[in-house]
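Novice: The residues making up each chain are set out below.
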Amino acid sequence: MIRILLADDHPSTRSGIAAWLRDEEGLELAGVAEDGESAWRGVQELRPDLALLDIEMPNGGGLEIASRIARSGLPTRVLMLTAYSAQQYVMAAIRAGARGFVLKSAPFDLLRRAIFEASQGGFFLDPSLSLDAPDEGPELTERELEVLLLTARGLPSSEAARLLFITRRTVAAHLTSIYGKLGARNKTEAVLAALKRGIIMLDQIGDVGGDSD
Amino acid sequence: MRRRLLQMLMAAVTLFTVANLLVSLHALRAQEGAMDAMMRSYVLDLAENFSSFPGPQEQSHRGRMARMMRFRMLSVDPALQSPEAGGLLLVAGDGRVLTGTPGAEELLPLWEGATPDDEPRRVDDDRGNSFYVAVRAVEGGNFILAAVSRTRLLAPLAGVWRSWAWSATATSAAVLIGMFLLWRLLAFPLRGFVERLDGVRWGREREVRLYDGPLAELSALSGVIGRLAAESFEKEELKARYVTDLVEAQENTRRQLARELHDGALQSSVAAIKRIQLARRDAPDASGPAASHLATAEEAAQSAAAEIRDYCEALSPSWARLGLIGALEETAGRLSRAYEGVQIDVDAAPGLERETADFGEDRVTALARILQEAVSNSVRHGGAGFIQVELRREGDLLWLSVQDDGSGFDADGLGGGYEELRAGGRRGLSNMFERSRLLGGEMRLASRKGDGCRVEVTVPLARRR
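Just so you know, the sequences run in chain order H and S. Add 4 to a position in the first sequence, counting from 1, and you land on the number used in the working numbering. Add 1260 to a position in the second sequence, counting from 1, and you land on the number used in the working numbering.
Keep in mind the hints are simulated off the structure, nothing from the lab. Among the hints, a few may not be true.
[What the hints assert, rightly or not] Derived list of chain S stretches under chain H, where covered just means 3 residues or more per stretch with a C-beta under 8 Å from a C-beta of chain H:
(1) 1521-1527
(2) 1562-1569
(3) 1586-1593
(4) 1602-1608
Keep in mind that this is a model prediction, so the values were computed, not measured. Even for Gly, the Cβ is constructed at its ideal location relative to N, Cα and C.
With these hints in hand, go ahead and build the complete structure from the sequences.
Specialist: Right, dumping it as structure tokens:
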């Protein structure tokens, strides 16, 4: 049984998902919250395995609550639920410690997969986020991996170049090669594709305890 | 030609004045020479005339009488009526005065031992008079001394000449000084005035002072232009503020609309989707007509949700709420998806995220639109394949640079103002300039043909007002 806390400020969406969670096999609805504060209280009191957080809520959005959970050291894993489809929200969610990102309108079996993936410590990204990177591809070199990791942590190319003792041009060239191998078109897509493929792990990039707020 | 009319007029006047001065000086010298020659010839004439007179050498009574008559006749000559004007003396070899015109004995010291064959000399006596003196020998070992006062005879004429020359010189000098002053005070400042007037950026400079000198007319003109500039500045300020308010109001409306759509219509359709999904799950007959209706209903609701989401994004990008860097990265990401094969790297200086935390959604949106326009220009006009976006803090300014590897263009030929750009059909660039200015910032464009293009925008980190 995966115990889940659901936080969404919109009543009918909340009740719809809650109804599904109650009935779904292997899942248990531990509690519901209608804003950020009550979600945070719920997580502390109920200690659910997973928190399904809406990104946009009054009194503390999902990103804020996710990073609070990550900093508190509670075992609760976070899955972001949102009506927004911007890739930067995904990056922000990942940096806040979320294990996945699902659109609210997604079919229930997709949500189910996401819940299982996230609660097992994996990473799940809604396929409709216009990220059409292939699941397989050529491997990254060690140098490329280093560049990708630094980039994933949000460091600018100049900083990555300084840390790796290479020029910015070289960093840019590595990025081009990384994009090609991962089927990505920019840094965000490269990081997301690498996460999806398991080339890099979430705990390698989250800036938990860093300067996220 | 017409550009230099004033200078040419002044040069012509100066040239003629100098020529006049030279001619006057030359005429004065020539006149002095002529008068000198005339006096010498006159005094020589007198002496020779007398020495060749027949009989003066005779010691007879008749001879003496004739000589006396001759002297008397000569003394009618106005030049010989008084010793101050001149005179004739018959002097014996031992220096004794034999006879002479009235009072001419006084003139004896002027001889000063000149030999009779000498040219006439000019001698000054101790009273400050100047004489021309000629000495000629006559028979019997006697001498004739003729003296004519230059001072008395020529003074009026010389005076006229000299005063003419002085007045000519003084006039020339006055004209030259006048020309110099005219140049220093008018022509030169006027040229600077015109140059600075040409460089005035109307509406951009609050205080314009073109002239700071003694000429009241130029001061007045400068004052009028200063007032015009101030007015134009204020008008431009007012317009900018008005446009800012307008844009702000518009963006606010859009944002509000997007939020209402998002919180209302979008959430409702999402709720509907969830219910339809539940209904489909619970439908007894998965292949019956009810299930098919539900599938169609979900499809419709899904597309409604997607459409509303697109409207929201178009009205006001939700990701502007992610802060400046997130928003610019999202913009770059979307652009790299829109322009296949173009790599856009966004590099923000470490710590900038925190420093721009309260930048404001409206300003984030404006910068994102500038980036969008810059990238679109780079790709469409420059054919760029790689675009480097950089962000850092410079003092209390945010510095945003968009550098591409495209073909570039001649940025110098563009002209500065965005009005000209707009007039020239470069709407994209003009919009970027305008947005930068509405943010209280500036935009610079650096590009050369074949050398890529760089757009630099600096915006105050703190909101103005």
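Novice: Decide, hint by hint, whether the structure agrees.
Specialist: Hints versus structure:
1. Residues of the segment 1521-1527 of chain S lying with their CB closer than 8 Å to a CB of chain H number 4, which satisfies the three-residue condition for coverage.
2. A stretch counts as covered by a chain when three or more of its residues have a beta carbon under 8 Å from one of that chain; for the segment 1562-1569 of chain S and chain H the count is 4, and the coverage holds.
3. Coverage of the segment 1586-1593 of chain S by chain H holds. Counting CB-CB distances below 8 Å, 6 residues qualify, and the rule asks for three or more.
4. Residue count for the segment 1602-1608 of chain S with a Cβ under 8 Å from a Cβ of chain H: 6. That meets the three needed, and the coverage hint holds.
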